[in-house]
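With the hints as your guide, set chain E onto chain W.
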Amino acid sequence: MREPALIRMLPDGRRLHLHDGPIDLIIEANGEPRAVSAAYEAAARRFVSILDELCEELPLLRSHARKNAKRPRGAVAERMFAAVEPYCEQTFITPMAAVAGSVAEAILESMTVPATLERAYVNNGGDIAIHLADSHRYKIGIVERPDRPSLFGFLEISAADSIRGIATSGWRGRSFSLGIADAVTVLADSASAADAAATVIGNAVNLPDHPGVTRIPAREISADSDLGDLPVTRGVEPLSCSEMFAALDSGVRVAEALRAQGLIHSSALCIQGHTRVVSPSHAPASIESSPRSLLHG
Amino acid sequence: MPDVFPPDTVRCDACPVLCYIKRGHAGACDRYANVEGELVRVDPHILLDRAKSQGTPLVPFLEREGDWDGKILKGQETFVTAIGAGTTYPDYKPAPFIVSSEVEGVDMVTVVTEGIFSYCGVKLKIDTDRHLGPERNLVRAQGEPVGHVTTAEYGSQMLSLGGVHHLTGGNKSEGRVTCETLLDLCNGREVELTIDEGASVRVAAGRPPVVNGQREERMRVGCGSATIGMFAKQWFGKVDDVVVVDDHITGVLSEHQAGKLLGVRETGIAIQGRRSTPGRYFQVAEPGTGWGGTNISDPLTILKPFKTKFAWPHLRLLMVSTTGEQFAYYELDDALRPVEKELPEALKESVGRIRENCEPALTSVLFMGGAGGSLRAGVTENPVKLTDSVKRKLTRVTCGGAPAYIWPGGGITFMVDVTRMPENAFGYVPTPALVAPIEFTLKKNDYALLGGHVDYVRPLADVLKEKERQRQLVSHAQNPWPLKPHIGSSGS
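Heads up: the sequence lines are chains W and E, in that order. Residues in the first sequence are numbered from 1204 upward in steps of one, following this note's numbering. Residues in the second sequence are numbered from 243 upward in steps of one, following this note's numbering.
The shape of chain W in the complex, shown without the other chains (with noise of 0.2 Å):
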């Protein structure tokens, strides 16, 4: 039996919450009243057909992008491949690799459009896109551990950064990961952008054959996991100094090549309560750790 997607203000009557399956997004905007209720409408009512656009391409969604190959036709799934599009000659990537970071960013793309707002966010569940004019600005907390909840570290973002997408990837999160990082954020230009490289260089944070990492083929878990029968991460035992610094090098170095690229802004890459950060050096805007986090490092 389908259930009707819910669209509701949360208690605190500034945020609403829209959710459809495993959609389920945050959003908040400020502005003038008129604009913020404007937004909040706008994004209703572009939520409701999002899920069933989506899945009306779910097969060709789930599979390996390639280029020249055949692209998907909705708005939102055409996002999801241009964003994966950069990785899909490198590795095996699927556009649903960016699909929670695209519908963040469709959404709060309806809202922007019809009124005019101070600034403005959409998360799903992590990968978060936003919208900032003028002089407004946003201070954003980092977690490592999704089930040990912690800030590690924080940052600000301005106006006049290019940042537009926050994504954070790792093997206990919701999605699958086939690296061993607990988290890794990722700042770039646009959500669907975020979602991507975090995928990828959550990948890239691995010990290949290491014994104490237990991996599962994804089908074995999820029956129709777009990484078919690819070793997911599902534990990861207390690793040694050396181990961890290998892992986050091997991590660390794909982050400096999306960064030189240009496909990411920043990123910070945890293992079990080690931190790096890779970030541009005069950037008006990068990820700061809090002293806890250089205490464990």
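Worth double-checking, as some hints may not be accurate.
Claimed, not checked - Some chain W residues flagged as far from chain E (calculated, every beta-carbon gap over 12 Å):
1) H1222
2) E1244
3) A1245
4) A1247
5) K1273
6) A1285
7) E1292
8) F1295
9) Y1341
10) S1365
11) G1415
12) S1428
13) G1438
14) S1443
15) S1445
What the hints assert, rightly or not - Straight-line alpha carbon distances no greater than 20 Å define the calculated EDC-like cross-link-like pairs of lysine to aspartate or glutamate that follow:
16) E:K480 - E:D438
17) W:K1342 - E:E623
18) E:K414 - W:E1440
19) E:K707 - W:E1206
Stated by the list, open to error - Pair by pair, the computed Cβ-Cβ distance ranges are:
20) W:R1276 - E:E432: 41 to 47 Å
21) W:F1448 - E:W649: 25 to 31 Å
22) E:R378 - W:G1415: 29 to 35 Å
23) W:R1437 - E:G652: 55 to 61 Å
24) E:Y396 - W:T1417: 42 to 48 Å
Hints listed in this document are in silico derivations from the structure and should not be mistaken for laboratory results. Bear in mind that the values here come from a model prediction, so they are computed numbers and not experimental data. For glycine and all other residues, C-beta sits at the position ideal for the given N, C-alpha and C.
Just chain E now, with coordinates in the frame of chain W:
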């Protein structure tokens, strides 16, 4: 369905993604799962209904359309538990539900969250006189160490299971099995445990323990000596001497202090075993499953001949076990030998009373955990103030509506009887750690004073409107109603 999927894979039709969900797994949304081949919504959020009697414990609440007639919410009081509330992610955001409800004119606030506890364990009290194993020895489940034998208490053996060292300090399999064992025990399921150099036990909360395949029935009322002390007055004048047979301490009325005080005459009785103090004997026989936990079936085997200097013909003697399950009555013949006779009416009552004072042997499971700083931060901006408020009894802590005992000292370390919580109140995360519900209830103005997330407080009626994820249960009859305002400075 493609034939590559196992036969008990289900296809979820709750949304157009139409996930194929394998048995024991959840769909892409984490809200629908395949439980034993059935598609089940897995996140019901449990509300407790205050009811005078326990009645039917489970009232479905719009789980399927049309099942529910809407009666409960109108007439009765409702308490929102933390079961299925979900944890805030991360916890320094306000807890998922901060609910206000007016009770007897006082504005109460309940902060509801599910805590993730890697510092947690269970304390088991197993009612048995049998030797389960040496103190400090390891307790294992599926061969993995999950805890240890701790002290023997009155009529029972305590085991301590779990704790952070077994959960996260050992190897992966130790952590996983520990988590599984704790989860099963907390959710009322039976668990098999083996003790190094000791017994194997099957235990479940609120049920009789099974020790080496043998089910325990009753706890003894006390040791043999204590039983003499308790019943001496009832025996005085109706019988000349009483022996309470016990593997631990066998008691003899005429020699015991309690008998002496009443003026019971010396009878010349002589007992096998090692005399401890007057009227108290150790090791009258070997341990076993006979009288009073000994191996004897004929109680006369522990008696030596009566001393002729003191004994007399027709002397009346009662022998009884510590549970009253076995008893025999004798009178001495002219040669001062005991001859079994029918138990006189006057003594039947006292034997019956021993029996009725032996309570059913059970296993009790107390979950013990500590509310960490970040969990407390979900309640207030200044976590230490919550600790302080709990210690001053301004804030009541409950787990799934069940009362929790708070340890003195630092932090909020609590214990709760899992049988008083709703079914399946516990979950786990693969860390491994247990997920347990925890609710903090206090007056609204006290909440504001301790820096609570007042802006997030929602009226109860508002929470109840979100029917889709809720389940209504009748509260446990023995639990005080969590919202009853007897706490705090103005309390009665």
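Results for each hint:
Non-interface status of H1222 (chain W) relative to chain E is broken: a Cβ of that chain comes within 12 Å, the nearest being about 9 Å off. For E1244 (chain W), the condition that its CB be more than 12 Å from all CB atoms of chain E holds, with the nearest at approximately 21 Å. Even its closest Cβ contact with chain E, about 22 Å, leaves A1245 (chain W) beyond 12 Å, as expected for a residue assigned away from the interface. Residue-level check passed: A1247 (chain W) sits 17 Å from the nearest beta carbon of chain E, beyond 12 Å.
Residue-level check passed: K1273 (chain W) sits 21 Å from the nearest beta carbon of chain E, beyond 12 Å. Once the 12 Å rule is applied to beta carbons, A1285 (chain W) is consistent with being away from chain E; the minimum gap is 22 Å. With a least CB separation of 27 Å from chain E, E1292 (chain W) remains clear of the 12 Å interface cut-off, as annotated. With a least CB separation of 19 Å from chain E, F1295 (chain W) remains clear of the 12 Å interface cut-off, as annotated.
No Cβ of chain E comes within 12 Å of the Cβ of Y1341 (chain W); the nearest lies about 16 Å off, and the non-interface call holds. Residue placement check: S1365 (chain W) keeps its beta carbon more than 12 Å from all beta carbons of chain E (closest about 27 Å). Chain E draws G1415 (chain W) into its interface by the beta-carbon criterion, the shortest separation being 8 Å against a cut-off of 12 Å. The beta carbon of S1428 (chain W) sits about 9 Å from the closest Cβ of chain E, which is not more than 12 Å, so the claim that it is off the interface is violated.
Its closest Cβ contact with chain E, about 6 Å, brings G1438 (chain W) to no more than 12 Å, contrary to its assignment away from the interface. With a minimum CB-CB distance of about 15 Å to chain E, S1443 (chain W) clears the 12 Å threshold, and the non-interface call stands. The claim that S1445 (chain W) is not at the interface with chain E holds, since no C-beta of that chain comes within 12 Å of its own (minimum 20 Å). Note on K480 (chain E) and D438 (chain E): the hinted pairing is violated, with a Cα-Cα distance of about 48 Å set against a maximum of 20 Å.
Among the hinted pairs, K1342 (chain W) with E623 (chain E) is consistent with the structure: their alpha-carbon atoms are about 18 Å apart, no more than 20 Å. About 7 Å separates the Cα atoms of K414 (chain E) and E1440 (chain W), which keeps this hinted pair within 20 Å; it holds. For the suggested pair K707 (chain E) and E1206 (chain W), the alpha carbons sit about 17 Å apart, so the restraint of at most 20 Å is met. The given range of 41 to 47 Å is broken by R1276 (chain W) and E432 (chain E), whose C-beta atoms sit roughly 56 Å from each other.
Against the hinted window of 25 to 31 Å, the Cβ-Cβ separation of F1448 (chain W) and W649 (chain E) comes to about 41 Å, which falls outside the hint. Between R378 (chain E) and G1415 (chain W) the CB atoms are about 31 Å apart, so this pair conforms to the stated range of 29 to 35 Å. Remark: the range hint 55 to 61 Å for R1437 (chain W) to G652 (chain E) is contradicted by a beta-carbon distance near 36 Å. The given range of 42 to 48 Å is respected by Y396 (chain E) and T1417 (chain W), whose C-beta atoms sit roughly 45 Å from each other.
When the structure is compared with the earlier hints, violations turn up for hints 1, 11, 12, 13, 16, 20, 21, 23 and for no others.
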